[in-house]
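Starting from the given sequences, assemble the full structure and let the hints guide the process.
Which chain is which? The protein sequence lines are A and B, in order. Under numbering that gives the first Met the number 0, the first residue of the first sequence is numbered 0, with each subsequent residue one higher. Under numbering that gives the first Met the number 0, the first residue of the second sequence is numbered 0, with each subsequent residue one higher.
Read the hints as simulated data drawn from the structure, not as lab findings. Honestly, I wouldn't trust all of these hints.
Claimed, not checked - Derived DSS-like pairs: lysine-lysine, alpha-carbon spacing no greater than 27 Å straight-line:
1) Lys157(B) with Lys218(B)
2) Lys218(B) with Lys201(B)
3) Lys253(B) with Lys130(A)
4) Lys179(B) with Lys253(B)
5) Lys234(B) with Lys218(B)
6) Lys234(B) with Lys257(B)
7) Lys130(A) with Lys157(B)
8) Lys179(B) with Lys130(A)
9) Lys157(B) with Lys179(B)
10) Lys234(B) with Lys130(A)
11) Lys148(B) with Lys253(B)
12) Lys130(A) with Lys218(B)
13) Lys157(B) with Lys253(B)
14) Lys148(B) with Lys278(B)
15) Lys148(B) with Lys257(B)
Keep in mind the model is a prediction, meaning the values are calculated, not measured.
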Amino acid sequence: MPRNKPVTSVGDTVFAGVARTAALAIMLALAGVFVFLFIEGFPGLSAPTDVYRPAEDFLSYVGPLVFGTIWAALVALIIAVPFAIGIALFISHYAPARLAVPIAYVIDLLAAVPSVVYGLWGGLALAQALKPVLVWLDTHLGFIPLFVGPASVTGRTMLTAAIVLAIMIVPIVTAISREIFAQTPRLHEEAAMALGATRWEMIRLAVFPYARSGVISAVMLGLGRALGETMAVAMVLSATQVVTLNLISDTNPATIASNIASNYKEASPDRQAVLIATGLVLFAVTFAVNFAARMVIARGERKIAR
Amino acid sequence: MIRTSIRRAVVPGIAVIALAVTGCGASNESDGGSASDGDSGTSLSGELAGGGASSQDSAQQAWRAAFQGENSGVTITYDPVGSGAGRESFISGAYLFAGTDSYISDDEGELTKATDTCGAEPIEVPAYVSPIAVIFNLPGVDSLNLDAKTIAGIFAGKITTWDDAAIAALNDGVDLPSTKIAPVHRSDDSGTTKNFTDYLSKAGDGAWTDDPSDTWPLKGGESAEGTSGVVAAVKGGEGTIGYADDSQAGGLGKVSIKVGEAFNAPSADGAAKALEVSKPVEGRGEGDMAFDIDRTTTEEGAYPLLLTSYLLACPTYDDANDAELVKAFLTYIVSSDGQQAAADAAGSAPLPDSIAQQATDAVSVIAGK
Numbered sequence: 000m001p002r003n004k005p006v007t008s009v010g011d012t013v014f015a016g017v018a019r020t021a022a023l024a025i026m027l028a029l030a031g032v033f034v035f036l037f038i039e040g041f042p043g044l045s046a047p048t049d050v051y052r053p054a055e056d057f058l059s060y061v062g063p064l065v066f067g068t069i070w071a072a073l074v075a076l077i078i079a080v081p082f083a084i085g086i087a088l089f090i091s092h093y094a095p096a097r098l099a100v101p102i103a104y105v106i107d108l109l110a111a112v113p114s115v116v117y118g119l120w121g122g123l124a125l126a127q128a129l130k131p132v133l134v135w136l137d138t139h140l141g142f143i144p145l146f147v148g149p150a151s152v153t154g155r156t157m158l159t160a161a162i163v164l165a166i167m168i169v170p171i172v173t174a175i176s177r178e179i180f181a182q183t184p185r186l187h188e189e190a191a192m193a194l195g196a197t198r199w200e201m202i203r204l205a206v207f208p209y210a211r212s213g214v215i216s217a218v219m220l221g222l223g224r225a226l227g228e229t230m231a232v233a234m235v236l237s238a239t240q241v242v243t244l245n246l247i248s249d250t251n252p253a254t255i256a257s258n259i260a261s262n263y264k265e266a267s268p269d270r271q272a273v274l275i276a277t278g279l280v281l282f283a284v285t286f287a288v289n290f291a292a293r294m295v296i297a298r299g300e301r302k303i304a305r
Numbered sequence: 000m001i002r003t004s005i006r007r008a009v010v011p012g013i014a015v016i017a018l019a020v021t022g023c024g025a026s027n028e029s030d031g032g033s034a035s036d037g038d039s040g041t042s043l044s045g046e047l048a049g050g051g052a053s054s055q056d057s058a059q060q061a062w063r064a065a066f067q068g069e070n071s072g073v074t075i076t077y078d079p080v081g082s083g084a085g086r087e088s089f090i091s092g093a094y095l096f097a098g099t100d101s102y103i104s105d106d107e108g109e110l111t112k113a114t115d116t117c118g119a120e121p122i123e124v125p126a127y128v129s130p131i132a133v134i135f136n137l138p139g140v141d142s143l144n145l146d147a148k149t150i151a152g153i154f155a156g157k158i159t160t161w162d163d164a165a166i167a168a169l170n171d172g173v174d175l176p177s178t179k180i181a182p183v184h185r186s187d188d189s190g191t192t193k194n195f196t197d198y199l200s201k202a203g204d205g206a207w208t209d210d211p212s213d214t215w216p217l218k219g220g221e222s223a224e225g226t227s228g229v230v231a232a233v234k235g236g237e238g239t240i241g242y243a244d245d246s247q248a249g250g251l252g253k254v255s256i257k258v259g260e261a262f263n264a265p266s267a268d269g270a271a272k273a274l275e276v277s278k279p280v281e282g283r284g285e286g287d288m289a290f291d292i293d294r295t296t297t298e299e300g301a302y303p304l305l306l307t308s309y310l311l312a313c314p315t316y317d318d319a320n321d322a323e324l325v326k327a328f329l330t331y332i333v334s335s336d337g338q339q340a341a342a343d344a345a346g347s348a349p350l351p352d353s354i355a356q357q358a359t360d361a362v363s364v365i366a367g368k
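Given below as structure tokens:
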């Protein structure tokens, strides 16, 4: 007898229902957050001038924050990504198993350290340790806009915050990249070797092209964490309302999330609305970044398919 | 084989020990609780929820502990959510009392809303008075004399080195280095910043042009989050200067500020004296003891750079028990016992007698409907 209908049972129906509910619930939660931000934040878009102190209106208030958010995340990525890919490659292709397992374990452990601990460490220990480095950068590389100084006397700079952020996103990027590197088809690698490639050439020819889109997703996940990180930045960064590329001075832009965290508590109702409105902007920025990331990945996949 | 079996035993073993230890702890606690229940000599009972200014938090802990010790049937919570959030929850009715670093005003309609919530103008009494110290980290220099104008110049970025003539003129015989000055301000909105900028703008002789506000009004410069953040940043750098609650300024050099012709170091007595000579805000009801601090006082021994944190309550509550609790707790806080407890725990300045008496009178009208 030909089977016209697929076999179903009660279990199938229940499981499909549960999965569908889960998927819809997350959409609902997201929509709920958006509605909340919009309703509560809307008055903040046009509050009295006083409320935006030391800026004048919403755009000039949120502008430096958006810049600070993206700038901190970008610098963190520039520091973290080479490290993370190096570590991932070492674990998947270079290290003997005896070494690879404990290293992978320690890296994963980094992800479990709460951000407030990173904040304490960054603000008290790392900032102190970086002081001479900042002075050196100021004296020797001061001609580069990134290091024009004057070097901060407390070490609580954008560079310090970016290094802390970098350490926080390394485990995410490493863990995902490592898994993808390890999944490179054995035959590709052996084929490259058979053609006389060295190990580095084999990685360049066989591993990187295969892992490309996966590594980009990993980097985007890391970027997401860096954009939204709150406590560590609030505790480390000496922040104010400016836009500057300078990484080593005491005058740095705050990030949206850290600005909300540090100012919400003492805020008057109008000011709270402004802060919530900046949260709405962060929501939009994160969306835009994720959207851009998807496009990049999709384009990469098309290239590979060709 | 033997090794694996030991390993298997380790985890449950630890679990058992942990259970035993926590079990002991829990039973001890409940023993203590029942013992003090028997000692209860008052009729007060119930729960009292409040919150607000974080500056009061350590004082609130001391008050709560002492008050609950006397009245074992009472549970008081104070959530240090910040002044703004505290006022908001008081207006919405979520808190029966709230702490706030700035007296409630109608700049954003809060006083009107609070009056609506209470059915009458809310009661507002000063509860926590603390001198704000100007702290600095300059190796070899332990104390400095500065006037408000010079401090304003430093924080506005006009005076940039420690050997500036303006500083030297006030400090004869002090060997001032040419280190650059790095002023540290609060990055978060804070009542401390508001009181500090209020002092600079009123006493600064025109050297400070911005209005007082919770938010640091200038762009640029070193900043840090919270009192502890500022203290840590000042400690962490050389040539730094900042402002913080005097009780938390431990170990750093403190500025003596110019009052009249003298230079006064931060002290609880000085702050209390400055509060005593200050005027109440005009147009407030009897129960509202909001003060405009006289920053330019020349009173001998006064220290006009201080933070006054208030407590808000309603004159009437729907529930008679709520009213009894708020009245009893607030009466304790403004009493000399309560003020002394805060001074011991948080280093605050006890209210001067005349103001404490007035506060006691203000609180005494609280009643159920």
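Going through the hints against the structure:
| no. | hint | in the structure |
| --- | --- | --- |
| 1 | Lys157(B) with Lys218(B) | 14 Å, holds |
| 2 | Lys218(B) with Lys201(B) | 21 Å, holds |
| 3 | Lys253(B) with Lys130(A) | 25 Å, holds |
| 4 | Lys179(B) with Lys253(B) | 18 Å, holds |
| 5 | Lys234(B) with Lys218(B) | 22 Å, holds |
| 6 | Lys234(B) with Lys257(B) | 24 Å, holds |
| 7 | Lys130(A) with Lys157(B) | 25 Å, holds |
| 8 | Lys179(B) with Lys130(A) | 15 Å, holds |
| 9 | Lys157(B) with Lys179(B) | 12 Å, holds |
| 10 | Lys234(B) with Lys130(A) | 14 Å, holds |
| 11 | Lys148(B) with Lys253(B) | 17 Å, holds |
| 12 | Lys130(A) with Lys218(B) | 23 Å, holds |
| 13 | Lys157(B) with Lys253(B) | 21 Å, holds |
| 14 | Lys148(B) with Lys278(B) | 23 Å, holds |
| 15 | Lys148(B) with Lys257(B) | 10 Å, holds |
In this structure, none of the earlier numbered hints is contradicted; all agree with it.
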